Amino acid sequence: GNSVTQMEGPVTLSEEAFLTINCTYTATGYPSLFWYVQYPGEGLQLLLKATKADDKGSNKGFEATYRKETTSFHLEKGSVQVSDSAVYFCALSDSPQGAQKLVFGQGTRLTINP
Amino acid sequence: KAGVTQTPRYLIKTRGQQVTLSCSPISGHRSVSWYQQTPGQGLQFLFEYFSETQRNKGNFPGRFSGRQFSNSRSEMNVSTLELGDSALYLCASSLIFSRTGGRETQYFGPGTRLLVL
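As given, the protein sequences belong to chains A and B, one line each in that order.
Mapping of the first sequence onto my numbering: position 24 corresponds to residue 8, and the numbering continues sequentially without gaps.
Mapping of the second sequence onto my numbering: position 52 corresponds to residue 40, and the numbering continues sequentially without gaps.
Isolated chain B (complex conformation):
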């Protein structure tokens, strides 16, 4: 079974631009989460989607947004890029069983490395 895929793998943008990152979850997984990884802040949760609905959101400004499609693929968008948005953006998917709530294992993709100049 194919793993989580993310595109593009690398991206260079300039301040003020916007960017869209894509994530395809493992087949059958319906939950997709996004994380930002930086040397200073470590790994921080951005948001999670399940059945096209955002269920949880981390402490990030409104410039960070996302969505999920009916096939569970997800995109995240960052508008008005700032230098501090340079990071590795990781997507993770998980298989949700209602009886165990939100404690399922998350499987990560290779990430998209974004550099803002």
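Next comes chain A alone, as it looks inside the complex:
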């Protein structure tokens, strides 16, 4: 079945450092890809998405490019802030017969130190 693999966490960086969180997927067909973020005690917030190969999703300084040749959707940010500390989830749409279903990676906990 379809699956998503994220880099192991936790990840700890200093403020203004460059961030990369790796995400690779296995899927049949052409899924949409998503990054969601979860702050402590909250639900998931959509960070960005891409719906087809070579699409770049971007939001709040974060970017990710849908790479079909490497089946990847790595999350990057040029300069992280303390407020970016959260858990990040990579996900793909797994939509049998049009139904909605997301398959998530295991999540990567990010801590940014001032």
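Just so you know, the hints here were simulated from the structure itself, not pulled from any lab data.
Among these hints, one or two may not hold up.
To be verified - Taking lysine-lysine pairs in the BS3-like style, the calculated list, with each CA pair at most 30 Å apart, reads:
#: 1; chain 1: A; residue 1: 52; chain 2: B; residue 2: 45
#: 2; chain 1: A; residue 1: 36; chain 2: A; residue 2: 52
#: 3; chain 1: B; residue 1: 1; chain 2: B; residue 2: 45
#: 4; chain 1: A; residue 1: 61; chain 2: A; residue 2: 40
#: 5; chain 1: B; residue 1: -11; chain 2: A; residue 2: 44
#: 6; chain 1: B; residue 1: 45; chain 2: B; residue 2: -11
#: 7; chain 1: A; residue 1: 36; chain 2: B; residue 2: 1
#: 8; chain 1: A; residue 1: 36; chain 2: A; residue 2: 61
#: 9; chain 1: A; residue 1: 36; chain 2: B; residue 2: 45
#: 10; chain 1: A; residue 1: 61; chain 2: A; residue 2: 44
#: 11; chain 1: A; residue 1: 40; chain 2: B; residue 2: -11
#: 12; chain 1: B; residue 1: 1; chain 2: A; residue 2: 61
#: 13; chain 1: A; residue 1: 40; chain 2: A; residue 2: 52
Stated by the list, open to error - Partial list, derived from the structure: chain B residues whose beta carbon lies under 8 Å from chain A:
#: 14; residue: 33
#: 15; residue: 74
#: 16; residue: 95
#: 17; residue: 97
From a predicted model like this one, the values you see are computed outputs, not experimental measurements.
Ideal Cβ placement from N, Cα and C applies to all residues, glycine included.
Given chain A's structure and the hints, the job is docking chain B onto it.
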């Protein structure tokens, strides 16, 4: 536009009891999905409803059930609670366009945290 709302936000139950969780989707959204989040298993899909019909179901026992009402609000029920059912239950809604099938963005609520003692 209001986001996805879930009630209650926190719940404590004992083994063997049953529980019902409620989800109100974003206005105009007709698809509602439910997910279970635990530290050990991560985020797992429970089921999805569209137009009051369950279209897809994850790999959970029959103790987990749900339904959707004509106003798109959804409930999920867990009967005969077990300690392992302690989790954050997340509801998500999406706006479905038939031409793109099931690939629409899902927007999540804050979740209901269930503790089973």
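Cross-check of the supplied hints:
1. A:52 x B:45: holds (28 Å)
2. A:36 x A:52: holds (9 Å)
3. B:1 x B:45: holds (25 Å)
4. A:61 x A:40: holds (13 Å)
5. B:-11 x A:44: holds (21 Å)
6. B:45 x B:-11: holds (29 Å)
7. A:36 x B:1: violated (44 Å)
8. A:36 x A:61: holds (21 Å)
9. A:36 x B:45: Holds, at roughly 26 Å.
10. A:61 x A:44: holds (9 Å)
11. A:40 x B:-11: holds (27 Å)
12. B:1 x A:61: Answer violated: residue 1 of chain B to residue 61 of chain A is near 42 Å, above 30 Å.
13. A:40 x A:52: holds (12 Å)
14. 33: With Cβ-Cβ at 5 Å, under 8 Å, it holds.
15. 74: violated (16 Å)
16. 95: holds (7 Å)
17. 97: holds (5 Å)
Of the numbered hints stated above, those contradicted by the structure are hints 7, 12 and 15, listed in ascending order.
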